[in-house]
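Line by line, the protein sequences are chains A, B and C.
Using this note's numbering, you'd call the opening residue of the first sequence number 1 and step up by one each time.
Using this note's numbering, you'd call the opening residue of the second sequence number 1001 and step up by one each time.
Using this note's numbering, you'd call the opening residue of the third sequence number 2001 and step up by one each time.
Take the hints with a grain of salt, since some may be wrong.
[Stated by the list, open to error] Using C-beta positions, here's what the derived DEER-type ranges look like:
#: 1; chain 1: B; residue 1: Ser1320; chain 2: A; residue 2: Lys321; range: 58 to 66 Å
#: 2; chain 1: A; residue 1: Pro284; chain 2: C; residue 2: Ala2152; range: 21 to 29 Å
#: 3; chain 1: A; residue 1: Lys321; chain 2: C; residue 2: Val2143; range: 53 to 61 Å
#: 4; chain 1: C; residue 1: Asp2177; chain 2: A; residue 2: Gln47; range: 47 to 55 Å
#: 5; chain 1: A; residue 1: Met316; chain 2: C; residue 2: Val2073; range: 42 to 50 Å
#: 6; chain 1: C; residue 1: Thr2024; chain 2: A; residue 2: Ala65; range: 18 to 26 Å
[Said to hold, decoys possible] Take a look, some chain B residues computed to stay more than 10 Å from chain C by CB distance:
#: 7; residue: Leu1012
#: 8; residue: Leu1018
#: 9; residue: Val1027
#: 10; residue: Arg1062
#: 11; residue: Ile1154
#: 12; residue: Phe1373
#: 13; residue: Asp1447
#: 14; residue: Met1448
#: 15; residue: Gly1467
In short, the hints are calculated from the structure, not lab data.
It should be emphasised that the depicted structure is a prediction, and the values quoted were computed from it without experimental measurement.
Cβ atoms here follow ideal geometry from the backbone N, Cα and C, with glycine treated the same way.
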Amino acid sequence: MDFLIDTWTGLPTVVQILAKIVLIAVPIMLTVAYLTLAERKVIGYMQVRIGPNRVGPRGLLQPIADGIKLAFKEIIIPTNANKALFIMGPLLALAPALAAWAVIPFDEPLILADIDAGLLYILALTSGSVYGIIFAGWASNSKYAFLGALRSAAQVVSYEIAMGFALVCVLMAGGSLNLRDIVLAQQGGVWTWFWLPLLPMFIVYFLSGVAETNRAPFDVAEGESEIVAGFHVEYSGMTFALFFLAEYANMILISALTALMFFGGWLSPFQGIPVLEAWFAWVPGMVWLFAKMAVFLFLFLWFRATFPRYRYDQIMRLGWKVFLPVTLIWIPVLGVWIMLGIWPFH
Amino acid sequence: MNFDIAEFMPALPEIFVLTMACIVLLVDVCLDQERRVITYVMTQATLVGAALLTVALHTGGRTVVFSGTFVSDPMGDVLKVFIYLVSAMALLYSRQYLIDRQLFKGEYFLLALFAVLGMMVLVSAHSLLTIYLGLELMSLSLYAMVAVDRDNEIATEAAMKYFVLGALASGMLLYGMSMIYGVTATLNLAEIAAYNADISGNEIVMVFGLAFVMVGLAFKLGAVPFHMWIPDVYHGAPTTVTLFIGTAPKIAAFAMLMRLLVEGLGGFYVQWHDMLVVLAVLSIVAGNVIAIAQTNIKRMLAYSTIAHVGFMLLGVLTGSEGGYAAAMFYIIVYALMAAGAFGMVVLLSRAGYEADRIEDFKGLNDRSPWYAFMMLILMLATAGVPPFLGFWAKLSVLQAVVEAGMLWLAVVAVLFSVVGAFYYLRIVKLMYFDKADDHTPITAGIDMRVTLSANGLAILGLGLFPGALMALCASALL
Amino acid sequence: MAIEPVIFWVFSTILVLSAGAVVTVRNPVHAVIFLVLAFFTSAAIWILLEAEFLALALVLVYVGAVMVLFLFVVMMLDINVAPLREGFVRNLWVGIPVLAIVIYELWVVVGEKQFGLDKVAAPAGHAADYSNTKELGGILYTVYMYPFELAAVILLVAIVAAIALTLRRRPQTRYQDPAQQVLVKRGDRVRLVKMAAEKKQ
């Protein structure tokens, strides 16, 4: 054991960081793979069918089969497409979704880059992911793709504002931009997690998150029935798979952020409850975080199975006329609340 | 910094105007078109209230607050009161004009209020940052006001030109400011002035910064060769907007000139003196000569503005207290005269008809002897004929120039004033000796008639007794 | 060897190249994309200066919002660049001397003689727990309170102006009233009619 630790600390910093990145990125990719299976299964059962069950036991190898199929498919680049941007599109969509994980704390000490302005970093990076969609839509040189890109970009930019204001409330309540400090500020049990004092912000944030990832019921960017899959209509094989990965990686990221900012991250839900707290003290914080993320991921799937797609003007109306005013009002309310030091702020 | 209420007191007029602008904004949303006049009344009340506050808070001393970004001094107070006065007049003249053209919208008055706020900030600025912000606040509101008549293509084009050139000028100004900041490491005007005392080998950067600042200033003032936007904007904008742009912002621009050059870069007098000489001479020459060729009165007045700005610069470039006071007197007088002159253009216009050609003044004496007389006063005063107010303004500037030993400048200025008198007198000739083509009776509300008459008579009256206003300007610059 | 100079040189090279590309590339969409790259790399250089808040704000505001809208407009305008480039070579003989003068002046003004490394001290580093954001917040709401408020007013004017210039009620346009849509009941749309079955003749 000591030998292993010595070898580890003896490695150059760059190698250590690279190893950590791999340790974070590979499980995310695996999660994405199995999230697709989970999605098909969950929606299947919600629609009273079974979902994929042919490949491997209970269909468990289905994602692997899908991955292999996509990897070996031909990548078709349309003749009049802008080649460089066409390839950059999917890369730019995926990169921010993975890079944002650098500042996510999995447990109190478990964090790749414990930077001061973590929340801002995440906001800045996720705002960059829209370029992937715009590039893809424009470079494809196809009307459907371009329409999809325009829809998506306008939607993402609109919801980012409400999302940003919701995060302003979180950082006011947490008194920091550092995600670890924000989680630590929620210490004290389920009732002091920020979901309760910031309930409207939690709803705004999570729904904006759904809209930001272009998931149902806000998936007009793809809109199969109107613009035949929108911005990625011209993509095939691995390039298409990258968009797919990006969408699901973003879902996981939004779930993780919601868990961290509104549901106490790695904190145990039994904190402050006499007997249960001791009973569950052995559970590592990471498990709680993953459990919370799983709940939100399930919500993503549940939404998709339940709600019909919003019309485009309704999406815009919700973002600008409902979410934005709500957040704008909540910020001064929260400011007064914190200044007066009423529960749970001291 | 502690938040001390006393810190806020000198800025109370600004705070009042901002608060009222926000209230007007909220009230206006709830009004329907028939009650829009409430917005107008509230806007005027704001200006009156701000004037009362400024007078009440006037101490005669100099206070710098907000960590050196805001200054309250007599010059600022006097200029602010005249800005309120001229703006209130401009809005009063525009009421009927706007109603006739379906432009009587709350946003018009709001933008005017914000522009006034920008001018106040500019007048009271004591740091490069506040100068820039005040300027932008003012300009942004004015750009939008020019474009407020959306269906008018000329107005839209004028707004575009104004915006693009204005943005370019702001860029120049910022570039210059950044150089000055790079050397002095401060934005505070007093500290910049103190830095100049011992030039430490960075003089060339300061001079470059000064040159860029000067370009920005000249753009905003409309001095030749940075005057290209003035005729197009004055011509294209709705006449009431031209009236507004041509008056109060000039006072604010004078304040900006004083704050930047005299207060901040006073140590570089030798350098900016030469630059101002070039600007002033070119403006006086080009403004007066080109104005002769104009057939549109708004364009003519635009070139006359350029010439007047040149005259005002003459006062500043003397670098003496007397010169500054003369320039201040000049710009205030100019604002009052221009308000009257554009007011006359507004008066002659009616729904569906713009009286903006010089021919529209033909035979005004037959149509209305009283307004012809008012226009006579305004034109003679602008030309600088004694005993009207404009004469004293020109005289005091020329006196300062001669005292500073720049006789040739004074000669040039007088020479081209005589040239300029031609086009003002042409209007007088048209009014009194030509037959009118258009006999539509001149109608206007009682408020407009009274104010316009008062405006004209004030030019006459103050011309007979100019001492009080001159003394006010002189005392403000102590 | 310290890693900072390497990062600095890499990013500043990209920055200069992409900034040059903004003005030289033929396709306006590419120009905007290079501008995005320039913003991104300058943000990276700011991070080296320990100005992480400003760097991230730059990315968030310019890269994430402003340039997206820019890109929108440029993509939809479909600008024909050929007329813009007419006379490029013909005017070159004027342009090059002007360019040379400007570069010389820049060198004189902001060159080594005025702002060389010996003239300006390197900024002192800060401890790891130094919070750039906190410092900025503190100074913004105290020393620069007045300019900060003014900047807010300018943004308000921008909103008012934008609405004044674009919001026009067109009587011929038909609007949807979502509240009405939501309040609709089945009875408003569908009428169930009981009819006797018709018989064939």
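**Broken hints, by number** = 2, 3, 4, 5, 6 and 8
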